[in-house]
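Participant: Here the structure of chain A is known, so what remains is to put chains B, C and D in place on it, guided by the hints.
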Amino acid sequence: MSFPLLTATAAVPAVGAILTAAVPAGRRTAAKWLALLVSLATLVLAAVVFARFEPGGDRYQLVESHSWIRDFGVRYELGVDGIGVALIALTALLIPFIVLAGWHDADPLETQSKRWRPTQGFFALILMVEAMVILSFEATDVFLFYILFEAMLIPMYFLIGGFGDRAHGGTDENAAAQRSYAAVKFLLYNLVGGLIMLAAVIGLYVVAGNFSLTEIAEARANGSLEMAGSTEKWLFLGFFFAFAVKAPLWPLHTWLPNAMGEATAPVAVLITAVVDKVGTFAMLRFCLGLFPEASKWATPAIVVLALISIVYGALLAVGQRDIKRLVAYASISHFGFIVLGIFAMTSQGQSGATLYMVNHGISTAALMLVAGFLISRRGSRLIADYGGVQKVAPVLAGTFLIGGLATLSLPGLAPFVSEFLVLVGTFARYPAAGVVATTGIVLAALYVLVLYQRTMTGPVKEEVRSMPDLRPRELAVVVPLIAVLLFLGVFPKPLTDVVNPAVRHTMSDVQRTDPQPEVTVQKVEAAK
Amino acid sequence: MENLIALLIGAPLLGAAVLLCGGRRLDRAGHWLGTLLAAVSFAVGLALFADMLGKDAEDRAMHQHLFSWIPVEGFQADIAFQLDQLSMTFVLLITGVGTLIHVYSIGYMEHDERRRRFFGYLNLFVAAMLLLVLADNYLLLYFGWEGVGLASYLLIGFWQHKPSAATAAKKAFLVNRVGDIGLSIAIMLMFTTFGTFAFGPVLASAGETSEGKLTAIGLMLLLAACGKSAQVPLQSWLGDAMEGPTPVSALIHAATMVTAGVYLIVRSADIFDAAPDAQLVVTIVGAVTLLFGAIVGCAKDDIKKALAGSTMSQIGYMILAAGLGPIGYVFAIMHLVTHGFFKAGLFLGAGSVMHGMNDEVDMRKYGGLRKYMPLTFVTFGLGYLAIIGFPGLSGFFSKDKIIEAAFAKGGTEGWILGAVTLLGAAITAYYMTRVMLMTFFGEKRWQDDADGNPPHPHESPKSMVIPMVLLAVGSVAGGAVFEFTGFVEWLEPVTGFEHGHAPISAAAVTAATVAVMVIGVGLAYLQYGRRPVPVVAPRGSLLTRAARRDLLQDDFNHAVFVTGGTHLTRSLVYVDHTLVDGVVNGTAASVGGLSGRLRKLQNGYVRSYAVSMFGGTAVLIAATLLMRAV
Amino acid sequence: MSALAAYATSTGEAFQFWVLGTVAVIGALCTILMRKAVHSALCLAGTMIVLAVFYLANGAYFLGIVQIVVYTGAIMMLFLFVVMLVGVTAADSLKETIKGQRWWAAACGLGFGVLLFAGIGNAALTEFAGLGAANTAHGGNVEGLAALIFTKYVFAFEITGALLITASVGAMLLTHRERTERARTQRELAEQRVREGRHLPPLPAPGVYARHNAVDVPGLLPDGTPSELTVISTLRKRGQVRDVSGEALADLKALEQRSAERLGRGRDDARDGARDGEEANR
Amino acid sequence: MNPVNYLYLAALLFTIGAVGVLIRRNAIVVFMCVELMLNACNLAFVTFSRMHGNLDGQIIAFFTMVVAAAEVVVGLAIIVSVFRSRHSASVDDASLMKL
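For the protein sequence lines, the chains are A, B, C and D, in the order given.
Using full-length UniProt numbering, the letters of the first sequence correspond one by one to residues 1 to 528.
Using full-length UniProt numbering, the letters of the second sequence correspond one by one to residues 1 to 630.
Using full-length UniProt numbering, the letters of the third sequence correspond one by one to residues 1 to 282.
Using full-length UniProt numbering, the letters of the fourth sequence correspond one by one to residues 1 to 99.
Among the hints, a few may not be true.
To be verified - List time: in silico DSS-like cross-link candidates among lysine-lysine, alpha-carbon distance up to 30 angstroms:
#1 A/Lys391 x A/Lys461
#2 B/Lys213 x A/Lys296
#3 B/Lys162 x B/Lys365
#4 B/Lys462 x B/Lys444
#5 C/Lys95 x C/Lys237
#6 A/Lys233 x A/Lys296
#7 B/Lys600 x C/Lys99
#8 C/Lys253 x C/Lys152
#9 B/Lys162 x A/Lys391
#10 B/Lys162 x B/Lys600
#11 A/Lys461 x B/Lys162
#12 C/Lys237 x C/Lys36
#13 B/Lys600 x C/Lys237
#14 B/Lys162 x B/Lys444
#15 B/Lys365 x B/Lys444
Bear in mind the hints are in silico, worked out from the structure with no lab data behind them.
Pulled out of the complex, with its shape left as it was, chain A reads as follows (with noise of 0.2 angstroms):
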């Protein structure tokens, strides 16, 4: 038996939450240095991962399986395809930044009782995450992926409602209404779409009789398993459903603006970069991988919806007025395009939204925490309270608008690459709407130049005179970001290599081709 190295990419995480937690109350930067180490020998281990895959063989590799509920034949499966390990080694990568740039956002204030632990908890906390993050990303059994589905709302949920962004306008009081508000309306909203994707596993059990998505879907596709039409799409919604609300697609969205806003910057990136794309990633895995027929049925519905998040996502990015906010609705648009991609059953459009779903990460990561870095000079999240920052803060404002062009798809940066992938793959299948997707790549022009404008530029105000560059540490958050960004968007092929042969397998699972190009072109011999 070899090393469980999986196992061990989870474990590691989630043992060093609870040595994290256990950090005495007066120890409070060991705890911090505790979560650093621990998510950098993650971010090893995921490495390893990555090494160790390979891209020709099995669809599934280092694969893990032991009997768990005999009974229900639940299994703790574990196994890796090209997919997974790109999401595994995006979750790695950020978490050591995301505990970086909250270094002080968990500090107890003057107020609380020296026994009182937040930062212990904090850190501690966003390993637990990241632990069940990449199990769930794992995970090839049904039953203990639902398990980590709907756990990793429990850390969550302490994440936004227990430590939110100290930068508010209102009273404290308000403040915590406001967070508790936004923590609560995270949490119903996903126990939601999780109780009703529970109905459809134990559905699942009903029909297959066993949880093991391996085993499913090789039944299903030599035709031993024979599951009505009826029967798959209510499934398939069930799960659908549950993954629509964690993703989100409109209208199930209006949870993240929420928690986006109330939690704290690291957190929020926590939220839109980490966990949400496990419901993108579940699309991929179980929608497409157990449900075949059902995911062809509904892909005009979902394609309309997924227009509609572009577009509408983009729009009400414009209008806001919150900083962090307007993120939120930037990353739905964002969402929109990864289930676009998804569902356009091209391989071109599956890879870029594999492709985006890390992109988007790490964009979104390098935007929001710089943003954060911003909230916490001057104590305000509206757009307004800012302007002329460039002036005084010229590196901070420069690693905003590349994260900020980054978010708007700029060619040589990394979400260029996924994006346009995702278009041409939707195009190829789907022409009308790879045309009102694309009016997307405006609308994102607008929001992020507008934000940029409102709060970089102009004259300087009164308020922000004495704002300081980015610190050190900082510093230490955002070059890598952004140097990640520059290489995947010129060098894309590491993550490629890795991505398309779970695409390959993906698209034989729903038995789709890709639409041939209408002339059969000779190489020129010149092109090589």
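Facilitator: Here is chains B, C and D on its own, set in the frame of chain A:
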């Protein structure tokens, strides 16, 4: 030699990276480094040019494949370069004029504390522009296309503390993005039609698909070109873009970036040749913009905006020529290059004037400057003569050829296009003469600046004058050089060439061109040379007032897109809050209300609970009995 | 008798059932309707005795005796003991305070009863095996029960033993109050009393002029008013203080009047004295 | 007479006891009503025992008595300690469950 192509881009890219990341340590030497790297790129370009000249006309294209950019199933995008005669022309223009403008900027930006960053942006622009013209596929071209857009955004908004500059930068980027939709849809169409978007295969097999598809691709490419090259209806950003520093206006918004649209159309010649409808639209767009820009240029009092109108108009010429097909491609590029010389020279001259006049841009507050800035006057004057098409100067050759080609289009279209180009030439002569007269002739109309300092017009430093002189030389000699060294033969392998057969003789066209030029100059002289120029602009006719406001296009945009968009987003924010969120919150509230009522049952009295237990037991018994009875 | 009880119901048993059954129902109703807890307890005891008779009639001789000895004799006495502790004279108000409680209770009770009756009526309960065989199998009812308890139900029996032990320990724990501080010595108590400055001498004794020596009768102050201090605090809290001052004054007045009439002395003085007493009483 | 009448009587007593639990506030009386219900059950058990001709029913009734005794002991102890602290034996006074 092929491996040097990457160096063309690499040098300025390195400069941009070093200058932008280097921090304040580089403040003192940064401008020299930037200029040096631009010059290195120019030198490499010259070396490649020399190498290219040594080969046969058909074998001159060079390729360099660096690596696979986006390797995805059924989708190959490479980072690969193609250097053929067309690209070579652009490379030399970009690096040559670019280097000159770097030199000019050393003096122009001397007192700006952020000069290092300015050079970083300029280098970034040069790199992106080179990428645009060197790409061997449309996606990489798109990369460069957006890259120059970014550089343009950064440079227009270089003085970000001015809200007008920040707004102008944003506007330029946004309008360009609208055009980019066209380019991306065109690429997607190519992908679905041909399965690839590399120049070679797409252009080679353009004829194998339906004309409708090609027309669609062509129109989408045209949309992209309209955005980048400020053609109607996406021209509105160019005037505002003059908020940027003048060297930027010269390099980006006159000589190079704005002509990228022309490059795109000429590069896609095979597609347009097979789609006559698209070509027709191209010529119409070119013709309309030609007049539009010229009319706007007549009414502006801001020297840079007047020149911007002129740029728009001249690019209109190029687009029109590109729309004419093989009879016009070469002349479009030729005019593009000569225009690059004289318009850059004019802008640098304008910058020099502003430099001496406390950054005043209103021509009504100039006057009589020829005595104070003789060198600027001479170089600007030569540029002026070139642009109005004074016989023998560069503009004369290139513009004359376009007018001839327009007539050669044939049929009614040919006559109309020819007439429009001639009219445009007349108006060009008129507004350029107006600029010349208002700036350098007449009496002084100088005014103190905001701080109360009277202007002290003086000749600019050498670093600024030398580039102006060199560009003036180019403006004078460029046309003749091209005409007599075989520019047509040089480009023909790439773009193809046919001799147009105009219904009237070439000599007649030339005569007409000169005649309308004289008329235009004369009219301007009557209006601005004979009479004193009022310091406060007269109210003017309806057309003048409309032209001052860019023929109301900005007002239209504002009314429709800005106001409408604001209302749309506001109402959507409201809808999101009340309707989408409201449905959920309403559900929550009704559940809450129900629970509030149910809560009253939980009054805390044990006996109450006991009653419900007892009732429940009774119900259970009843249910059991009923089940047994059934 | 055993045979009778085992196999059939005689007329005698029927008579006994109808008479004693009526008594049992009346007893039960009285249990829930009496205002004083002690009355309820007595009624319940009556019902239980009736039930004991029914057990006997049904052939459960052991249970019948146990019912009387343990239930009626021990458990009900425990009830009475607690009733005494809490206050035997306190009468509950039967006025309902929870809105609708009584109606709901009545409705549920009625419905429940009807359902039970319907259920019993529906069940096919015509065959009666009788207990004769079972009771004689081991030589008698008690022996039969013993045989079952110590074989089949031995575990349950042991567990009930544990339950009883636990219950008694629990009851002790619940009612026993642990002394958490050291008992104060007499010296300390005296010092405290001096410090507080109240009632330095011992509290006055109850009783009035040797006429009423009961502990619930407060002693009278010199002006004829009763002093609460003389009654122990438990009675005071329960409100079971018997005020006899008015009675004493009336007696005094009558005595004075009589002596005045007899002696023919001035009435005014007597009236003054009586008035003084009344005022003081007020 | 049919011995089923004993069952009817048991049902009646049980119902009366249950209603008593619901309408009385005095905890001691409530307890007595519970005892009444238990006794009603016992009567039913004894009757069933006779009906089936085995002694198991009586055994159950016996256990019920034991448990009832234990319950009374603990219950009354609770009542006493509650009375000590609150000076009341009314079940309505202990309404802390109400929000």
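Participant: Look at each hint and say if it fits the structure.
Facilitator: Cross-check of the supplied hints:
1. Simply put, lysine 391 of chain A and lysine 461 of chain A have alpha-carbon atoms about 10 angstroms apart, close enough for the 30 angstroms limit, and the pair holds.
2. At roughly 28 angstroms between alpha-carbon atoms, lysine 213 of chain B and lysine 296 of chain A fall within 30 angstroms of each other, so this suggested pair holds.
3. Among the hinted pairs, lysine 162 of chain B with lysine 365 of chain B is consistent with the structure: their alpha-carbon atoms are about 22 angstroms apart, no more than 30 angstroms.
4. Straight-line distance between C-alpha atoms of lysine 462 of chain B and lysine 444 of chain B comes to about 25 angstroms, which keeps the hinted pair within the 30 angstroms bound.
5. Only pairs whose Cα atoms come within 30 angstroms are accepted, and lysine 95 of chain C paired with lysine 237 of chain C is accepted, the gap being roughly 24 angstroms.
6. Of the supplied pair hints, the one linking lysine 233 of chain A and lysine 296 of chain A holds, its CA atoms being roughly 10 angstroms apart against a limit of 30 angstroms.
7. Taking the CA atoms of lysine 600 of chain B and lysine 99 of chain C, the gap is near 12 angstroms; set against the 30 angstroms cutoff, the hint holds.
8. A hinted pair counts as satisfied when its Cα atoms are at most 30 angstroms apart, and lysine 253 of chain C with lysine 152 of chain C does not qualify at roughly 79 angstroms.
9. A hinted pair counts as satisfied when its Cα atoms are at most 30 angstroms apart, and lysine 162 of chain B with lysine 391 of chain A qualifies at roughly 11 angstroms.
10. Distance check on the hinted pair: lysine 162 of chain B and lysine 600 of chain B sit about 63 angstroms apart at the alpha-carbon level, beyond 30 angstroms; violated.
11. Simply put, lysine 461 of chain A and lysine 162 of chain B have alpha-carbon atoms about 13 angstroms apart, close enough for the 30 angstroms limit, and the pair holds.
12. Simply put, lysine 237 of chain C and lysine 36 of chain C have alpha-carbon atoms about 19 angstroms apart, close enough for the 30 angstroms limit, and the pair holds.
13. Between lysine 600 of chain B and lysine 237 of chain C the CA atoms are separated by roughly 35 angstroms; this puts the pair beyond 30 angstroms, and the hint is violated.
14. Note on lysine 162 of chain B and lysine 444 of chain B: the hinted pairing holds, with a Cα-Cα distance of about 29 angstroms set against a maximum of 30 angstroms.
15. A hinted pair counts as satisfied when its Cα atoms are at most 30 angstroms apart, and lysine 365 of chain B with lysine 444 of chain B qualifies at roughly 8 angstroms.
Consistency with the previously given hints fails for numbers 8, 10, 13, ordered from lowest to highest.
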